[in-house]
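K.L.:
What follows is each chain in one-letter form.
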Amino acid sequence: MMSLVRSGAVVGRSDGKLARAINVSRRYGDVLALDNLNLDVPAGQLLGLLGPNGAGKSTLVNLFTGVRRPSSGRVELCGGDPRDPASRRALGVTPQETGLPASLRVGEVVDFVRAHYPDPLGRAELLDRFGLSDLVKRQTGGLSGGQKRRVAVALAFVGRPRIVFLDEPTTGLDVEARRALWDGVRAFHADGGTVVLTSHYLEEIEALAERVVVIGGGRVLADDTVDAVRGLVAIRRVSLSSAVPLPDLPGLVGTERDGDRLHLLTPDADGLVRDLVAKDVPFTDLEVRPTSLEEAFLTLTASLTRSPTGSAR
Amino acid sequence: MTTLTLTHARFQLLETVRIPIALIGSAFFPAASMLFFVVPFTGGDPVYATFATASMVIFAVMTTNLFQYGIGVAEDRQQPWDPFTRTLPAGPGPRFAGRILAGLVLMTVSLLPVVLIAALFTEATISAPAFLAAVGAVIAAAVPFTLMGLGIGYALPSKAAIVVAQLLFFPLAFGGGLMTAPGSAPGFVEDLAPYLPTGGAVRLMWAAVGDFPPDVSSLTALVGWTIALAAFAVWAYRRDEGRRFS
Numbered sequence: 001m002m003s004l005v006r007s008g009a010v011v012g013r014s015d016g017k018l019a020r021a022i023n024v025s026r027r028y029g030d031v032l033a034l035d036n037l038n039l040d041v042p043a044g045q046l047l048g049l050l051g052p053n054g055a056g057k058s059t060l061v062n063l064f065t066g067v068r069r070p071s072s073g074r075v076e077l078c079g080g081d082p083r084d085p086a087s088r089r090a091l092g093v094t095p096q097e098t099g100l101p102a103s104l105r106v107g108e109v110v111d112f113v114r115a116h117y118p119d120p121l122g123r124a125e126l127l128d129r130f131g132l133s134d135l136v137k138r139q140t141g142g143l144s145g146g147q148k149r150r151v152a153v154a155l156a157f158v159g160r161p162r163i164v165f166l167d168e169p170t171t172g173l174d175v176e177a178r179r180a181l182w183d184g185v186r187a188f189h190a191d192g193g194t195v196v197l198t199s200h201y202l203e204e205i206e207a208l209a210e211r212v213v214v215i216g217g218g219r220v221l222a223d224d225t226v227d228a229v230r231g232l233v234a235i236r237r238v239s240l241s242s243a244v245p246l247p248d249l250p251g252l253v254g255t256e257r258d259g260d261r262l263h264l265l266t267p268d269a270d271g272l273v274r275d276l277v278a279k280d281v282p283f284t285d286l287e288v289r290p291t292s293l294e295e296a297f298l299t300l301t302a303s304l305t306r307s308p309t310g311s312a313r
Numbered sequence: 001m002t003t004l005t006l007t008h009a010r011f012q013l014l015e016t017v018r019i020p021i022a023l024i025g026s027a028f029f030p031a032a033s034m035l036f037f038v039v040p041f042t043g044g045d046p047v048y049a050t051f052a053t054a055s056m057v058i059f060a061v062m063t064t065n066l067f068q069y070g071i072g073v074a075e076d077r078q079q080p081w082d083p084f085t086r087t088l089p090a091g092p093g094p095r096f097a098g099r100i101l102a103g104l105v106l107m108t109v110s111l112l113p114v115v116l117i118a119a120l121f122t123e124a125t126i127s128a129p130a131f132l133a134a135v136g137a138v139i140a141a142a143v144p145f146t147l148m149g150l151g152i153g154y155a156l157p158s159k160a161a162i163v164v165a166q167l168l169f170f171p172l173a174f175g176g177g178l179m180t181a182p183g184s185a186p187g188f189v190e191d192l193a194p195y196l197p198t199g200g201a202v203r204l205m206w207a208a209v210g211d212f213p214p215d216v217s218s219l220t221a222l223v224g225w226t227i228a229l230a231a232f233a234v235w236a237y238r239r240d241e242g243r244r245f246s
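Protein chains in written order, with the numbering used here: chain D, 1 to 313; chain Y, 1 to 246.
Rather than coming from a laboratory, the hints here were simulated on the basis of the structure.
Ideal Cβ positions, reconstructed from N, Cα and C, are used throughout, including at glycine.
Errors might be hidden in some of the hints.
[To be verified] Just a few of them, taken from the derived set where beta-carbon distance is under 7 Å, the chain Y residues facing chain D:
id : residue
1  : Phe11
2  : Leu13
3  : Gln78
4  : Phe84
5  : Arg86
6  : Leu88
7  : Phe232
8  : Ala236
[Claimed, not checked] Covered stretches of chain D (chain Y as the covering partner; in silico rule of three or more C-beta atoms under 8 Å from a C-beta of chain Y):
id : segment
9  : 169-177
10 : 190-201
11 : 261-272
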């Protein structure tokens, strides 16, 4: 299989770090989207960026890809300022699939992007690699959502990048197309390519990433292996009604009251239930449910901003 | 000029040509005005026909630039494709230059029917040196209207840009004396016209094609408009960059 990575890649000045954010803050008027954030992306890493909507993921990606500039702090891409076009020669980015120029054909869009790079992949080769060869003559406006998504992802690889930023790459794809795309990302990574993947889906990050960074409130809340972060966000919701106030319970990360119902958030539901029984709490209507990733993020955001742990910065 | 500029121009043109009604629209207005307002009334008078054709050329220059930049830029700014192109390893130069180049091509396309109709159906005449002077006048006249269109396109969202372009084009055309022969507009128009960008442009054009005395104050006003509209376009472009991409 033809390599998508430029061979003989020279690593920039930054000691093998392809992308760095150093004490970066970004404001939009009164809103602080990124709050003194630090992040290094070493060459060859497959990094997953997780976080709820509005956490600052897109802002961070926009800073790394040169679309926006930080309010303070420094951002580096391949050892230079991402706002300098030369720093972006080894960068690949997925456009939003809704943004492809509707009246242009797939082949034309690929040619347009190719014209910007010094040593792009051949058009046929790229389309073949992403299973798009049949669509070359089709106008992008007439493609299905999944086809547009695949074209958008393919465009990130046109310039034989060393680092790609994939934003929600498989949203709207069926299972088969998603697996095929994951295989493509893995192959790129196996060849030495660096990937920054943003997603709402823990499943996607679990399938691909070696390292996971959780962003919330404009800061890095957790930066760890997939397993460790899965443990952090695997929060259960234990709901019950009780006539008496609850005693102190270890391991709670959050409590919500809804009428006479109490919702207790904990990483260890079994331990919590044992404690409730051991302490003779008179409860009724016990329910244990997994939380959504969104809820887990909110809990993580709340608990880590209150008491930063070792892994959070 | 770089290959990348040509690539951008080619894609701009492709996008326009794929929706041919846009192209027909910009060529139709001036051509139809020629057929309905000039051809039937010029009779056998070559001087009047030449001046009227010159007016319609300026009319076409104004409408194509005002609409294609005003509306085209405003619409492009709303597409997520625009930020994506900023992640490609090129500065804003080629995209901007490509847009202007494509704009010149489309303007030429909308001028061709006007000139053809004048040559085939009227007594309009022009000598070779005067034709060259007219080409120069068209280029000089295109600059302020290009800047006006760019300023509107970068300053406003597309729905507002469409309305503003439409509100501007008729008063500019009428007030500048484009609808009438030299010296035969209503009095207030004759007083006002030399100081509007359309009036200044058409006077330059009349001076190029026929026996019309160049008017220094009108020319000065045109230069003033060009500078003011350049400042407006630069302001709108920077403001847009600062809002969306700072």
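K.L.:
Look at each hint and say if it fits the structure.
P.N.:
Tested hints:
no.	hint	result
1	Phe11	holds, 5 Å
2	Leu13	violated, 11 Å
3	Gln78	violated, 10 Å
4	Phe84	holds, 4 Å
5	Arg86	holds, 5 Å
6	Leu88	holds, 4 Å
7	Phe232	violated, 25 Å
8	Ala236	violated, 19 Å
9	169-177	violated (count 0)
10	190-201	violated (count 0)
11	261-272	violated (count 0)
In summary, the structure is inconsistent with hints 2, 3, 7, 8, 9, 10 and 11 from the numbered list given earlier, while agreeing with the others.
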